[in-house]
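The chain contents come next:
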Amino acid sequence: MLELDAITMRFGGLTALHAMSLSVAEGETLGLVGPNGAGKTTLFNVISGVYAPSGGTIRFGGQDVGALPQWKRARVGIGRTFQIPQPMRELTVRENLRVAQRFGAGKEDPAALDEILDLLGLAHKQHADAATSLALTEQKALEVGKALAVRPRLLMLDEVLGGLEMATKRTFARTLETVRARFGLTMVIIEHDIETIKALCPRVVVLNFGQLIADGTPEAVFNDPQVIRSYTGDTPA
Amino acid sequence: MKHRMVVLVALVLAYGAVPLLLGSMDYVMSLIIAALTIGGVALAWALLGNLGGLVSFGHAAFFGVGAYTSAILVVDHHWPVLLAMVAGGVGAAVASVATMPALRLRGPYFALAILAYGHIFRILAVEATSLTGGAAGMLSIPGFPTLLGINLASKTGAYALILTIVLLFAWLYGLIRRSTYGLALRAMHDSELATRVVGVPSTHLKAAMLVISAFMTGVVGAFNAHQINFLDPEYAFASSWTVLPIAAAIFGGYRTVWGPVLGALVVFLVDQLVFKELMPSGHQLVFGVLLGGMVILGPHGLLPLLGRWSKKEASHAGA
Ligand SMILES: Nc1ncnc2c1ncn2[C@@H]1O[C@H](COP(=O)(O)OP(=O)(O)O)[C@@H](O)[C@H]1O
Ligand SMILES: [Mg+2]
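Top to bottom, those sequences are chains A and W.
Quick note: the first sequence, position 42, residue 42 per my numbering, numbers continuous.
If you want my numbering, it's the 1-based position in the second sequence plus 1000.
Hint data in this document are derived by calculation from the structure and do not stem from the laboratory.
Hints are not guaranteed to be accurate.
Stretch-level coverage of chain A by chain W, calculated; a stretch enters the list once three of its residues show a Cβ under 8 angstroms from a Cβ in chain W [claimed, not checked]:
| # | stretch |
| --- | --- |
| 1 | 29-43 |
| 2 | 69-75 |
| 3 | 83-91 |
| 4 | 223-230 |
With beta-carbon atoms standing in for the labels, derived distance ranges [what the hints assert, rightly or not]:
| # | chain 1 | residue 1 | chain 2 | residue 2 | range |
| --- | --- | --- | --- | --- | --- |
| 5 | A | 192 | W | 1094 | 49 to 59 angstroms |
| 6 | W | 1190 | A | 67 | 49 to 59 angstroms |
| 7 | A | 106 | W | 1255 | 28 to 38 angstroms |
| 8 | A | 72 | W | 1027 | 51 to 61 angstroms |
Backbone N, C-alpha and C define an ideal beta-carbon position, used for all residues, glycine too.
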């Protein structure tokens, strides 16, 4: 469903992604891990069209989406969340979802919004101001809600569980699993907590200094000596 | 319900009481018409500012293009005036397309670019002599027709016409603002990334607001041409067609639908009827001070300020 071929992303002199290739199959839930600054968020930004890569191709559902502007990526079915929640200011929670649905999915469907709000536990806050009246967990839920409202086929979650307490995190992870099954999603999840990754993702890839250094089951990947070294701060030769 | 009542009373006053009480005073009616003309442009300007997030210093260009388009269609091609006025709006909308490359620019750069466009259109009007009469301008532009037994060329008729135009525009503005387009536009200023990532084509939406705003301004410009029956480039593209509406919109509250219209009425009428009487020269100074004071006292404008006061009053009364 998603095929990245030799994606390079440079910011001035810094190469955040280094000729990176990756493919994600339909229906797969992929964990994306790696130390801070490895390039994980940059990868999401390139896939969702926030940045145009310096090189490489991005195919989604068989189509080359590399030239599509950001707003069109949403319309072809790429949904994502931001590491730092980005509510639409001045709007309520429900209005946030309405905008996402109207423009991302193409038409308004109040019943579908009700379902999303229910699944994410936001129904009671739907008329609250999105930018000022949500607790952290609710802000994260709204991030997921907006991405779901565009009716994505691929959902990319950037540390959506980060900063949550353990118990909340577990509940949220279960919600994500429910959402995935309900909407038949392909998912890529950036997450630091190994237990959470193990619970959600049958396959994990590890990014370090903009390069993939491991790809496999959580058990195999987290026991890989190179992966362990990357977390203890070694630079590649 | 209460809102409906307010609207109804305002409509009765505007269409009934004003012409009945002031209809015989030509000078006052002229001032009210002029105030509504500025109010119409102020509303259009504020729509672009509030929904599009764009500050324009170039609305005089749309005003002038609308005025000329309509005048030329009527004088040279014998179009009916009211239809030509709509065409004037379309002309201004088309002209706004020429300014679209500037949409990529942000903040003051957009404002400056559109200011430059304004001058280009004025120069075109001077140079295209065969079409526009050049610097000498156009004289004896036909006035408004009689419609449904109302002579729109009379002061009262012209008043009813510009009032109707402004009300229609305000209604359209409200409609856009309440739609999902309006929601997306409101969210765009502070949260452009958040809106784009869910599929909002923000540049297209801004462009659409520019076109609508230009259309409205063009219609008002056309109204003005047929009301005063005369045009020249200095007048039609005068920077006051940009500056006065901006002042009115900011004074009244540019993020509200009615603020700009209210602002135009208050600012213009108070300036002309009170300050100009008191100090025939330099009354604009008072106007400047008034605007400055407003920005300091109520940076959101008069209408939001009144809203706050009336809420306070209500809570005092309730206590
Ligand atoms: N817009 C940008 N401009 C310059 N450098 C950037 C930008 N975005 C990310 N980077 C750099 O790219 C590298 C990867 O960042 P990021 O993708 O955010 O890492 P991660 O999400 O894995 O923690 C970092 O060195 C970061 O400073
Ligand atoms: Mg990151």
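Quick rundown of the hints versus the structure:
Given a C-beta distance limit of less than 8 angstroms, the hint that chain W covers the stretch 29-43 of chain A is violated, as 0 residues qualify and 3 are needed. For the stretch 69-75 of chain A, the proposed coverage by chain W is satisfied: 6 residues have a C-beta within less than 8 angstroms of a C-beta in that chain, meeting the threshold of three. Taking a C-beta to C-beta cut-off of 8 angstroms, the stretch 83-91 of chain A contributes 6 residues in contact with chain W, enough for the three needed, and the coverage statement holds. For the stretch 223-230 of chain A, the assignment as covered by chain W is violated, since 0 residues bring a beta-carbon within under 8 angstroms of that chain's beta-carbons and 3 are needed.
A beta carbon spacing of about 55 angstroms between residue 192(A) and residue 1094(W) agrees with the range 49 to 59 angstroms that was offered as a hint. Between residue 1190(W) and residue 67(A) the beta carbon distance is about 28 angstroms. The supplied range of 49 to 59 angstroms is therefore violated. A hinted range of 28 to 38 angstroms holds for the C-beta pair residue 106(A) and residue 1255(W), which are about 29 angstroms apart. The given range of 51 to 61 angstroms is respected by residue 72(A) and residue 1027(W), whose C-beta atoms sit roughly 57 angstroms from each other.
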